[in-house]
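There are 2 protein chains.
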Amino acid sequence: MARPLRIGLLGLGPVGMAVAKAIQDKDKVLERRIGAPLELRRVWTRTRGLPRSVDDSLLCYDVEEILSDPEIDLVVELLPGEHPAYEYVKRALLAGKHVVTGNKEVMAKHGPEILSLAAEKHVDISFEASVGGGIPVIGPFKLDLLANEIHRVRAIINGTTNFILTQMASHGSSFEDALAEAQALGYAEADPSKDVDGIDAMFKLTILGSLAFHMRVSPDDVYHEGISALAPADFRYARELGYAIKLLAIGEAEDGGVVLRVHPTLLRETEMLAKVDGVFNAVAVEGDLVGPILFYGRGAGGGPTSSAVVADIIDLAQRSLAGTAWVAPPAFEDTYSIRSMDDVRTGYYLRLLAYDRPGVFAQITRVLGEAEISIASVIQKENVVDGQPPVEYAEVVLMTHRTREATMQGAVRAIAALPSVFKIGSLIRVEE
Amino acid sequence: MARPLRIGLLGLGPVGMAVAKAIQDKDKVLERRIGAPLELRRVWTRTRGLPRSVDDSLLCYDVEEILSDPEIDLVVELLPGEHPAYEYVKRALLAGKHVVTGNKEVMAKHGPEILSLAAEKHVDISFEASVGGGIPVIGPFKLDLLANEIHRVRAIINGTTNFILTQMASHGSSFEDALAEAQALGYAEADPSKDVDGIDAMFKLTILGSLAFHMRVSPDDVYHEGISALAPADFRYARELGYAIKLLAIGEAEDGGVVLRVHPTLLRETEMLAKVDGVFNAVAVEGDLVGPILFYGRGAGGGPTSSAVVADIIDLAQRSLAGTAWVAPPAFEDTYSIRSMDDVRTGYYLRLLAYDRPGVFAQITRVLGEAEISIASVIQKENVVDGQPPVEYAEVVLMTHRTREATMQGAVRAIAALPSVFKIGSLIRVEE
Numbered sequence: 000m001a002r003p004l005r006i007g008l009l010g011l012g013p014v015g016m017a018v019a020k021a022i023q024d025k026d027k028v029l030e031r032r033i034g035a036p037l038e039l040r041r042v043w044t045r046t047r048g049l050p051r052s053v054d055d056s057l058l059c060y061d062v063e064e065i066l067s068d069p070e071i072d073l074v075v076e077l078l079p080g081e082h083p084a085y086e087y088v089k090r091a092l093l094a095g096k097h098v099v100t101g102n103k104e105v106m107a108k109h110g111p112e113i114l115s116l117a118a119e120k121h122v123d124i125s126f127e128a129s130v131g132g133g134i135p136v137i138g139p140f141k142l143d144l145l146a147n148e149i150h151r152v153r154a155i156i157n158g159t160t161n162f163i164l165t166q167m168a169s170h171g172s173s174f175e176d177a178l179a180e181a182q183a184l185g186y187a188e189a190d191p192s193k194d195v196d197g198i199d200a201m202f203k204l205t206i207l208g209s210l211a212f213h214m215r216v217s218p219d220d221v222y223h224e225g226i227s228a229l230a231p232a233d234f235r236y237a238r239e240l241g242y243a244i245k246l247l248a249i250g251e252a253e254d255g256g257v258v259l260r261v262h263p264t265l266l267r268e269t270e271m272l273a274k275v276d277g278v279f280n281a282v283a284v285e286g287d288l289v290g291p292i293l294f295y296g297r298g299a300g301g302g303p304t305s306s307a308v309v310a311d312i313i314d315l316a317q318r319s320l321a322g323t324a325w326v327a328p329p330a331f332e333d334t335y336s337i338r339s340m341d342d343v344r345t346g347y348y349l350r351l352l353a354y355d356r357p358g359v360f361a362q363i364t365r366v367l368g369e370a371e372i373s374i375a376s377v378i379q380k381e382n383v384v385d386g387q388p389p390v391e392y393a394e395v396v397l398m399t400h401r402t403r404e405a406t407m408q409g410a411v412r413a414i415a416a417l418p419s420v421f422k423i424g425s426l427i428r429v430e431e
Numbered sequence: 000m001a002r003p004l005r006i007g008l009l010g011l012g013p014v015g016m017a018v019a020k021a022i023q024d025k026d027k028v029l030e031r032r033i034g035a036p037l038e039l040r041r042v043w044t045r046t047r048g049l050p051r052s053v054d055d056s057l058l059c060y061d062v063e064e065i066l067s068d069p070e071i072d073l074v075v076e077l078l079p080g081e082h083p084a085y086e087y088v089k090r091a092l093l094a095g096k097h098v099v100t101g102n103k104e105v106m107a108k109h110g111p112e113i114l115s116l117a118a119e120k121h122v123d124i125s126f127e128a129s130v131g132g133g134i135p136v137i138g139p140f141k142l143d144l145l146a147n148e149i150h151r152v153r154a155i156i157n158g159t160t161n162f163i164l165t166q167m168a169s170h171g172s173s174f175e176d177a178l179a180e181a182q183a184l185g186y187a188e189a190d191p192s193k194d195v196d197g198i199d200a201m202f203k204l205t206i207l208g209s210l211a212f213h214m215r216v217s218p219d220d221v222y223h224e225g226i227s228a229l230a231p232a233d234f235r236y237a238r239e240l241g242y243a244i245k246l247l248a249i250g251e252a253e254d255g256g257v258v259l260r261v262h263p264t265l266l267r268e269t270e271m272l273a274k275v276d277g278v279f280n281a282v283a284v285e286g287d288l289v290g291p292i293l294f295y296g297r298g299a300g301g302g303p304t305s306s307a308v309v310a311d312i313i314d315l316a317q318r319s320l321a322g323t324a325w326v327a328p329p330a331f332e333d334t335y336s337i338r339s340m341d342d343v344r345t346g347y348y349l350r351l352l353a354y355d356r357p358g359v360f361a362q363i364t365r366v367l368g369e370a371e372i373s374i375a376s377v378i379q380k381e382n383v384v385d386g387q388p389p390v391e392y393a394e395v396v397l398m399t400h401r402t403r404e405a406t407m408q409g410a411v412r413a414i415a416a417l418p419s420v421f422k423i424g425s426l427i428r429v430e431e
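Line by line, the protein sequences give chains A and B. Residue 0 is where the first sequence starts when you use numbering that gives the first Met the number 0, and the numbers rise one by one after that. Residue 0 is where the second sequence starts when you use numbering that gives the first Met the number 0, and the numbers rise one by one after that.
Chain A with its partners taken away, still in its complex shape:
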């Protein structure tokens, strides 16, 4: 019998608890599938006295009992946020321990440094759980799709916002009401900003973009925009036009450049991604050989995320057993550079309120015409009452053909300055 892989676990939140439980409850089946037992040797948590499914004798409150224990082979890091997770991951690697982490913020901000530190120490770092919960996402990029040049990645990788958008689309809820419901159900945190502002998705796209395009990506390279400005009217109009609204994380490669962006997006109802509802996640990838492909499942929660963490542990244990826990990571390729959001070419949905005067529509179309932006479709509704004191406006919704982001932003500023325009309601990018 091979000797056990000895695991130190950092963090006992819902995912940490689920991982500890899986390692303990499934010990026999995992041992059979791996060929060696897993030993959960020590679990570090900051908060004492909570009810735990982990035996008291395994708990410790001094992280040195894990990081400085020479008998621990593998540190599983499941802490929230950047600190002290980043420092602990580095210390574990420096001590020659393998690391499995589910920490998207650490991997997004420090991925290249951590990968090169692991390579230097000839230890392994795995992070399947950092994006898409239990959906195999990292693995496919690292192996299954490796024969492909990836043109595009489009992903719904934040369950909280997808739940909110689904509620807004199906029940006509306001953003505030849908958010409150998400909070009541435990899908959103008390401070929901990381989710609703697109920051969580930005971290995850940093990781996906790096893998898909074989390049160094920092969160600063990713444009991000949240969902809090969306109104129930946008969902009604989108449906009328045959679209769903999703918070998409998009990475696209074109002419040697890659643009990475997170923002609300109109997506044709017939696309598989448009059908991903509630807290579910999906990652759609287009490769030169494989064509379009999509992975779908639960992107968060103890069970799904523990599925990914334990898969990483199994992989490491199997490779340890074969004597090759460490494999030289592929180098970054210098095929692409990061391109500015200004250069994105996409369609746009524009909703605005105008004083109901003859000629307003001519003025708007003249601005767009001068910018060489062509209109794909128009909806004009009367009798919208808005403002304080209430005034009656005409609501104008139009969709443009593909145009350059900077051009469109300039045109929208010019439209907002028209005397006949009361205000811009929404500007949402459209994926065709």
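Hint data in this document are derived by calculation from the structure and do not stem from the laboratory. Possibly wrong hints are sitting among the right ones.
[To be verified] With a straight-line Cα cutoff of 20 Å, these simulated SDA-like cross-link-like pairs (lysine to any residue) come out:
(1) B:25 to A:253
(2) A:120 to B:290
(3) A:422 to A:331
(4) A:20 to B:321
(5) A:108 to A:86
(6) A:141 to B:319
(7) A:27 to A:3
[Claimed, not checked] Reference listing, derived: stretches of chain A covered by chain B, where coverage requires no fewer than 3 residues with Cβ under 8 Å from a Cβ of chain B:
(8) 16-25
(9) 135-149
(10) 284-296
(11) 304-311
(12) 383-390
For glycine and all other residues, C-beta sits at the position ideal for the given N, C-alpha and C.
The hints should help you fit chain B onto chain A, whose structure is shown.
Just chain B, lined up with the frame of chain A:
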């Protein structure tokens, strides 16, 4: 520089051509990603003189030039059907060569024998391309989902039949017309029986079932039924009831037993699987940790299938480089036994033509009631003209709640024998 992995390719159909092209055109990028070059050393084909994208000097017409060449490390087998592919795969393994195959029939019929032969010779056998084209399907079962107990697999794994069913659903086509269109587009073969009778899906489910439930499965263990008996009326009624009709390959584990079955299935329109249209494939899996998960993409064609074949080659090349090309395969677990189709419990859709006599519905419901089968919903349409000479009938459609297959089959025989019933139109299982 590490020495190249030397590849002998068997078969130059669309997939073989795409694999040869990828290895040759992507040589630099693959070498960088692997850490060693791939060398396409010899390509065997039976048919001379066809236009090839492969250099003439690589072609051979005597298979011994590959199977008996001690310098070839890896045989990539991409031949159609069972013979001579099975014999060649065995010979390659016996000669100590690794094998990558896309051959579902060989793996379904001889998988356990081939896996144990590979283990005995300490060489590797990979078969990602045998199910779902370029969609990573085998990989997830072998690693990413390995921490899970799988409860259920439901898959659309035959693009030809999914195309035909999509045409029937969206254009009201007859089976014959939709098949003719599939043939005209090159999606169906001149002899379409392996696809439309469910045999191709049966082979693929044999492979998936074996991986999902960690057991030996033979094609004889898989119940299969094709799509040729479906009528346009079934698609109309299904839609009226809120369902799509798909040819599903289903594996379910319950109470120590596994049932594997391929048949047309009514699936709620709101399910992701119901939205998989045209030639696309999808595999939905439910695991105890991960919950529901789905993989979607093109299940056939040179490009997608070559993506999977080359991924298998990359994996092998990387492990060769690390000195661990061969890893002991996990043993079959004896958790489950194969259970008979008779014991399946599912819902049923029954369409029948009845002489429009008072009392016919009462007779039908009495038969069902005596068998303790409860009815979930009923549609009764008048004025259907059928038979020779034409007679006017009432078309009765009903859906039952879950009941045992054998019970339902008995009830349907009794209903068919009722004097007021002209004929049974369709009996289709329903997934809830």
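Against the structure, the hints:
In summary, the hint linking residue 25 (chain B) to residue 253 (chain A) is supported, as the alpha carbons are separated by about 18 Å, within the 20 Å threshold. Between residue 120 (chain A) and residue 290 (chain B), the direct Cα distance comes to roughly 36 Å. Violation of the 20 Å bound is thereby established for this hinted pair. Taking the CA atoms of residue 422 (chain A) and residue 331 (chain A), the gap is about 46 Å. The hint is violated against a cut of 20 Å. At roughly 33 Å between alpha-carbon atoms, residue 20 (chain A) and residue 321 (chain B) are farther apart than 20 Å, so this suggested pair is violated.
Using a Cα cut-off of 20 Å, the hinted pair residue 108 (chain A) and residue 86 (chain A) holds, with the two alpha carbons roughly 13 Å apart. Straight-line distance between C-alpha atoms of residue 141 (chain A) and residue 319 (chain B) comes to about 17 Å, which keeps the hinted pair within the 20 Å bound. Proposed proximity of residue 27 (chain A) and residue 3 (chain A) is supported: the alpha carbons are some 12 Å apart, at most 20 Å. Residues of the region 16-25 of chain A with a Cβ under 8 Å from some Cβ of chain B number 3, which satisfies the need for three, so the listed coverage holds.
With a threshold of 8 Å between beta carbons, the proposed coverage of the region 135-149 of chain A by chain B holds, since 10 of its residues qualify and at least three are required. Evaluation of the coverage hint for the region 284-296 of chain A: fulfilled, as 11 residues show C-beta separations to chain B shorter than 8 Å, against a requirement of three. Interface restraint, the region 304-311 of chain A with chain B: holds (5 residues with C-beta to C-beta distance below 8 Å; minimum three). Only residues whose C-beta sits within less than 8 Å of a C-beta in chain B count toward coverage, and the region 383-390 of chain A has 0 of them, not enough to reach three; the restraint is violated.
In summary, the numbered hints that this structure violates are 2, 3, 4, 12.
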